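If you read the sequences in order, they're chains D and S.
Every letter in the first sequence is one number past the one before it in the numbering used here, and letter 338, counting from 1, is 455.
Every letter in the second sequence is one number past the one before it in the numbering used here, and letter 15, counting from 1, is 56.
Do not rely on the hints blindly, as some may be mistaken.
To be verified - Below, simulated PhoX-like cross-link-like pairs (lysine-lysine); rule was C-alpha separation at most 20 Å, straight line:
1. K120(D) - K157(D)
2. K70(S) - K382(D)
3. K214(S) - K238(S)
4. K265(D) - K157(D)
5. K265(D) - K382(D)
6. K214(S) - K265(D)
Simulated from the structure, these hints should not be mistaken for laboratory data.
As the structure is a prediction and not an experimental result, all values here were calculated from the model.
Listed below are the residues making up each chain.
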Amino acid sequence: MPKRLYYFFSSVRLTVFLLAASILLVFFGTLDQVHWGIHKAQQAYFESLFVIWPYQEGVLFYKGLPLLGGYTLGALLLVNLILGFFRFTKLTKAKTGIAMIHGGIVLLLISGFLISFMQKETQMTLDEGGSSNYSSSYRKVELVVIDKSAPDVDTVFSIPQAQFRAGETYRAFDAIDVQLIDFMPNSVIGRVSQNPGRQPVNVTRGTGVEMGLFVDRRPETHALNQSNLPSALVTLSADGKSLGSWLVSALFRDFPPQTFEFGGKQYELALRMHRTYYPFTIELLDFTHDRYPGTNIPKNFSSDVRIIRPDPHEDRRALIYMNHPLRYAGLTFFQQGFDNDDTTSILQVVRNPAWQLPYWAVLLVGLGMLVQFSISLVRFFTKSQAKES
Amino acid sequence: MKAFLIATSALLISGCKDQETVTTYTIQKEERKAVPPTPVAGDAAAGAAQPGDGGTMNALPGMVEQSQQFGAPTFTAPEHWQAQPLGNMRKGSWQIAQDDLTADMSVLVFPGDVGGDLANINRWRQQVGLPAIDAATLAKELTAIPVGAYEGQFITLINPDTGQGIIGAILAKDGATWFFKMIGPAPLVIQEMTAFKQFLAATEF
């Protein structure tokens with residue numbers, strides 16, 4: 118590495134600059150979180166290379182404040198920490214603790230990157246006596262065409278939201294062309310009969326026609342107390358023949374399924390929260406919601422669940438409650454909420470292969486401090502004894 | 042050099058985060074359940090704007106408010122029907138329990154025809170795992186039944202495979218549609234048939 122670059126990336130001045138930039142990023146990210154909500158602000162400020170804090174909404178670029186994003190700052194801090202260590206610290210036995218401390222901080226930064234890339238959070242909703250073998254995304258949807266013709270299984274053709282492109286056609290089961298006409302991350306749906314002046318949605322089949330619905334696009338919301346209603350307009354065709362145009366929406370989750378026939382098979386069309394299926398089932402045996410005596414203040418929630426897995430065979434019980442998640446199959450099931458008069462349990466399902474790294478990093482830093490202090494202490498006593506003698 | 046490789050990798054990986062792809066996969070057969078939406082405290086991103094009742098009605102946004110315009114009739118429920126808290130749209134709610142069996146009895150009202158009798162009956166059929174029927178078949182299955190001083194349409198839906206059943210009545214009155222529905226294990230629901238019909242007849246609007 119050229120010396121100038123080495124000195125630049127290892128300099129303490131760069132460290133101070135990056136730490137100051139981090140403080141600014143946290144400050145402005147916190148300000149924007151009021152408008153954007155935690156998730157959007159986290160993505161924009163901390164899971165990015167570069168971000169612009171607008172002075173106000175809708176302001177042009179040159180009136181915004183450009184900031185280095187979390188990924189850029191993290192990467193530069195990582196480089197600065199490693200190069201700075203080798204530049205300013207002679208690696209000797211006496212500096213073992215310092216090397217461990219640096220190693221722990223490096224591991225912490227790396228774990229932050231890994232968790233950001235690899236962590237996935239979904240939600241599993243269970244009614245008492247019910248079970249589920251999948252969890253659903255909080256925010257992302259998928260467009261699915263499901264072959265329902267087989268007696269024991271369903272075959273699902275899934276287009277995740279990340280792959281949505283207006284006008285694009287996707288081929289399901291090598292036979293059915295699914296064209297996404299329009300996707301609305303947020304919308305409002307109602308009945309034309311109760312909303313005079315609204316135009317019925319321009320579709321030819323399905324719930325949109327049967328219930329006389331209209332659909333209007335709405336700006337996407339990121340506020341904590343609001344949710345989006347994703348909807349889409351889709352056309353289906355096969356063998357050159359139209360199978361109709363349809364309105365699909367996350368709202369239709371509780372409606373009768375939208376179905377069609379082709380080639381002697383029955384299919385279902387839906388827009389739903391993106392699902393992740395597992396090779397096991399979680400059954401909710403009992404949900405308990407304890408309150409402090411004489412109050413309605415929650416004391417404890419717990420879900421008594423049964424884990425059923427056919428291969429390898431497993432059938433056991435587990436108790437999930439606050440601060441006591443279930444760790445199973447590389448996933449962590451947290452007790453997140455409840456509903457329906459305490460008969461429905463809501464579990465947060467987190468996939469985070471790197472969950473142990475921050476603990477090891479902090480342990481390494483702690484041990485490094487202990488080692489370095491111990492080395493200094495021993496040297497102090499040794500010098501003292503040498504002086505006396 | 043290693044530091045640069047790490048940093049460069051991190052920056053590149055940031056552009057490759059979690060790319061989902063179009064997939065086809067097979068799962069165990071699923072029947073669509075009318076699962077009520079479950080917003081999580083402190084996190085509103087659990088799904089769409091949702092109807093207020095426990096997933097038993099094809100309500101659209103705004104229907105909760107429209108439902109609340111209607112006052113509740115006077116009901117004379119049998120003593121063994123245990124009154125339950127009313128939801129946003131329920132005008133009457135009871136639970137019927139016998140041994141280990143439990144059935145749910147609800148009364149709801151919505152403006153308009155809410156999609157019509159065929160759509161509503163097929164929705165009830167789907168809730169007990171029965172396939173949809175056409176208008177001609179529906180006409181044969183509906184029978185007239187007194188609901189207070191009015192005449193409604195009564196239907197019995199039993200699924201021998203799942204053991205679940207619905208007895209229900211739909212009443213169109215004054216531009217609104219009233220839904221009286223008992224859902225639960227088929228033996229219990231059938232046993233409550235007489236009490237259900239007496240309940241309908243005693244309802245005062």
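The hints, checked one at a time:
1. K120(D) - K157(D): 40 Å, violated
2. K70(S) - K382(D): 15 Å, holds
3. K214(S) - K238(S): Holds, because 18 Å separates the two Cα atoms, which is no more than 20 Å.
4. K265(D) - K157(D): 37 Å, violated
5. K265(D) - K382(D): 7 Å, holds
6. K214(S) - K265(D): Outside the cut-off at roughly 38 Å; violated.
The structure does not agree with the numbered hints 1, 4, 6 stated previously, though it agrees with the rest.
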